[in-house]
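Please put together the full structure from these sequences, using the hints given.
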Amino acid sequence: MRINILQHTPSEGPGMILDWAATQDAAVTIYHPYQFGKLPTAAATDLLVILGGPMSPNDDLPWIAQERTLIRDLFAQHTPVLGVCFGAQQIVKVLGGTVQQAPAKEVGWAPVYRQSTAIPRIPAQLTVLHWHEEMFTIPTGAQLLFSSDHLTNQGFVLPGQAVGLQFHLEPQAVNVREMVANDGDYLTGSVLQQSAEQVITTPVPMANRMALYAILDALTTG
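Sequential numbering from 220 applies to the sequence shown in my numbering.
Don't read these hints as lab results, they were simulated from the structure. It is possible that some hints are incorrect.
Once the Cα atoms are required to be at most 16 angstroms apart in a straight line, the calculated EDC-like pairs of lysine to aspartate or glutamate come out as [claimed, not checked]:
id	residue 1	residue 2
1	324	265
2	324	404
3	312	265
4	324	368
5	324	352
6	312	353
This is the structure:
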């Protein structure tokens, strides 16, 4: 399996996605389009993972538009796509949805609640890392997958094709420390009202790995 990952900031890497890829004996390539302007081709992709970042899909940047062209090409050939945070918003834009300011900025650890059983083995509730202040509409044909106390549209599934998550399941403890060390100022103004120390010292739940693996398994096994 050829897994291509689009990373959009140094402090938000693939984390546990790489662990899952190792269980599949997959060939992983990480692209940094925000810096180098390079993207994989659809023909060389068996799974695309689009990670988060500080930019908005509403920004007028050439590489953002080029990413959406790639997503369209992958949909045309029925190649699965996982989007996280900014990545999920990119998928939504391709599917004709909208991305706009959320009613509350969510940064820190907080629960999300499963809204669909379309993907097996996902717990009814997860405590996940939020790092966002925008929100998306649920695309036509997709199912609402997760909600939180402050935002209804936290995740969606387009069966057999895509999953988008507004929050982060992928970080391990080292990744959380990296995010806070480099982008901890972003905690200011969050409705979750957590300090950098609170975010760093919160253990990463084992259930997050299980849910992430379940999502990736569902995407790649049809």
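Okay, the hints, checked on the actual structure:
A distance of roughly 34 angstroms separates the Cα atoms of residue 324 and residue 265; the hinted pair therefore is violated under the 16 angstroms criterion. This hinted pair checks out: residue 324 and residue 404 have alpha carbons roughly 13 angstroms apart, not beyond 16 angstroms. This hinted pair does not check out: residue 312 and residue 265 have alpha carbons roughly 21 angstroms apart, beyond 16 angstroms. As the CA atoms of residue 324 and residue 368 are separated by approximately 12 angstroms, the hinted pair is consistent with the 16 angstroms bound.
About 4 angstroms separates the Cα atoms of residue 324 and residue 352, which keeps this hinted pair within 16 angstroms; it holds. A threshold of 16 angstroms between alpha carbons decides the hint, and for residue 312 with residue 353 the separation of about 13 angstroms falls inside it, so the pair holds.
Violated hints, in rising order: 1, 3; the structure is consistent with all others.
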